Amino acid sequence: MKAKASKLDAHEAELAEWFRKEKLTLAQAVARLAERQVKVSPSRLSAWWSAYQSDELQAEAETKLYADLASGSRIAKEVGDMAADAPTQVATLIKLVERLILQVSVRGELPTQLKVIPALIAPCLEWSRQQQSAEKLALDRERYANTLKTKIEAGLDELAQQIGDNREARDLYDQFRAVVTAATQKA
Amino acid sequence: MIARTDLIRRVLLALNSMGGQPCSESILIDAVTIRFTPRPTQGDVLEAIRDAESTGYISGLSDDLDGRLWMLTPKGQLRARSIE
Numbered sequence: 001m002k003a004k005a006s007k008l009d010a011h012e013a014e015l016a017e018w019f020r021k022e023k024l025t026l027a028q029a030v031a032r033l034a035e036r037q038v039k040v041s042p043s044r045l046s047a048w049w050s051a052y053q054s055d056e057l058q059a060e061a062e063t064k065l066y067a068d069l070a071s072g073s074r075i076a077k078e079v080g081d082m083a084a085d086a087p088t089q090v091a092t093l094i095k096l097v098e099r100l101i102l103q104v105s106v107r108g109e110l111p112t113q114l115k116v117i118p119a120l121i122a123p124c125l126e127w128s129r130q131q132q133s134a135e136k137l138a139l140d141r142e143r144y145a146n147t148l149k150t151k152i153e154a155g156l157d158e159l160a161q162q163i164g165d166n167r168e169a170r171d172l173y174d175q176f177r178a179v180v181t182a183a184t185q186k187a
Numbered sequence: 001m002i003a004r005t006d007l008i009r010r011v012l013l014a015l016n017s018m019g020g021q022p023c024s025e026s027i028l029i030d031a032v033t034i035r036f037t038p039r040p041t042q043g044d045v046l047e048a049i050r051d052a053e054s055t056g057y058i059s060g061l062s063d064d065l066d067g068r069l070w071m072l073t074p075k076g077q078l079r080a081r082s083i084e
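Keeping their order, the protein sequence lines are chains U and H.
Heads up: the first sequence is residues 1 to 187, going by our numbering.
Heads up: the second sequence is residues 1 to 84, going by our numbering.
A few of these clues could be false.
What the hints assert, rightly or not - If the Cβ cut is set under 8 Å, some of the chain U residues that face chain H in the computed set are:
no. : residue
1   : Arg36
2   : Lys39
3   : Ser41
4   : Arg44
5   : Trp48
6   : Ala59
7   : Leu65
8   : Ser73
9   : Val97
10  : Val106
11  : Arg107
12  : Pro111
13  : Lys115
14  : Leu137
15  : Ala178
Don't read these hints as lab results, they were simulated from the structure.
Predicted, not measured: the structure shown is a model, and the values here were computed from it.
Built from N, CA and C at the ideal position, the CB exists for glycine as well.
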């Protein structure tokens with residue numbers, strides 16, 4: 001932003017055209033301004049033109065910054081949303097990626113690969129969820145087997161009590177128990 | 001030295017371009033300094049952030065991962081849209 005307003009500001013469109021399209025020299029531009037009753041020295045005009053171009057560059061850079069930020073935050077949000085139902089460790093990692101995307105976009109170094117990050121994270125998350133489901137299923141299966149084993153053993157103990165001192169029944173029971181125990185251990 | 005009002009304007013526009021998402025303070029400071037010449041100091045930007053907060057344009061919240069996060073209030077959204 002220019003430090004202070006100048007009488008040349010009112011002619012910025014004309015001056016931009018003279019210098020950029022018509023390629024006028026400073027002296028020629030000073031002469032044309034004089035025809036419009038604007039008196040200015042070549043050095044003053046040169047300083048004003050430099051400041052004007054610098055302002056323009058700054059404005060362009062600012063516009064690009066906000067566009068980059070908008071683009072980066074869209075991708076970051078898409079990535080961040082994935083953390084919502086992700087396992088804790090993965091969620092932290094995703095949050096970090098989200099922050100990195102924003103930092104990179106602020107610096108204007110938004111690489112094209114960044115746009116594919118959400119698409120890359122999605123299958124990783126799916127795999128992670130499947131792993132979790134498989135682990136949970138294995139755990140549930142183990143719990144079920146243990147419960148079943150306990151119940152069978154309790155049933156066998158009860159049966160043993162009912163058999164009492166009957167030797168023939170006891171032999172048959174022992175054989176039966178050995179078979180059942182082997183079967184439950186295999187399961 | 002950059003005018004405080006210009007820094008506040010940049011803070012509001014940066015947050016506005018992020019579509020209402022909370023932004024960590026460090027990223028916000030980078031957003032209003034890195035691509036500008038002359039580059040404002042971190043202290044100047046922090047004061048501008050405080051000013052924007054006391055005016056009711058932005059509000060902050062704490063986050064374990066990011067420290068402090070800032071986002072536009074409805075008043076700040078209106079202001080940002082008016083200066084876009």
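Structure-based check of each hint:
1. Arg36: Given a least distance of 31 Å, the restraint on Arg36 of chain U is violated.
2. Lys39: 30 Å, violated
3. Ser41: The hint is violated - Ser41 of chain U has no Cβ within 8 Å of chain H, the shortest such distance being about 26 Å.
4. Arg44: Violated, because the Cβ-Cβ distance from Arg44 of chain U to chain H comes to roughly 22 Å (cut-off 8 Å).
5. Trp48: With a minimum Cβ separation of about 18 Å from chain H (threshold 8 Å), the hint on Trp48 of chain U is violated.
6. Ala59: Ala59 of chain U check fails; min Cβ-Cβ to chain H is 11 Å, beyond 8 Å.
7. Leu65: 5 Å, holds
8. Ser73: 4 Å, holds
9. Val97: For Val97 of chain U, the interface hint is violated, since the closest Cβ of chain H sits about 12 Å away, which is over 8 Å.
10. Val106: 5 Å, holds
11. Arg107: For Arg107 of chain U, the interface hint holds, since the closest Cβ of chain H sits about 6 Å away, which is under 8 Å.
12. Pro111: The hint is violated - Pro111 of chain U has no Cβ within 8 Å of chain H, the shortest such distance being about 17 Å.
13. Lys115: 16 Å, violated
14. Leu137: The hint is violated - Leu137 of chain U has no Cβ within 8 Å of chain H, the shortest such distance being about 32 Å.
15. Ala178: 58 Å, violated
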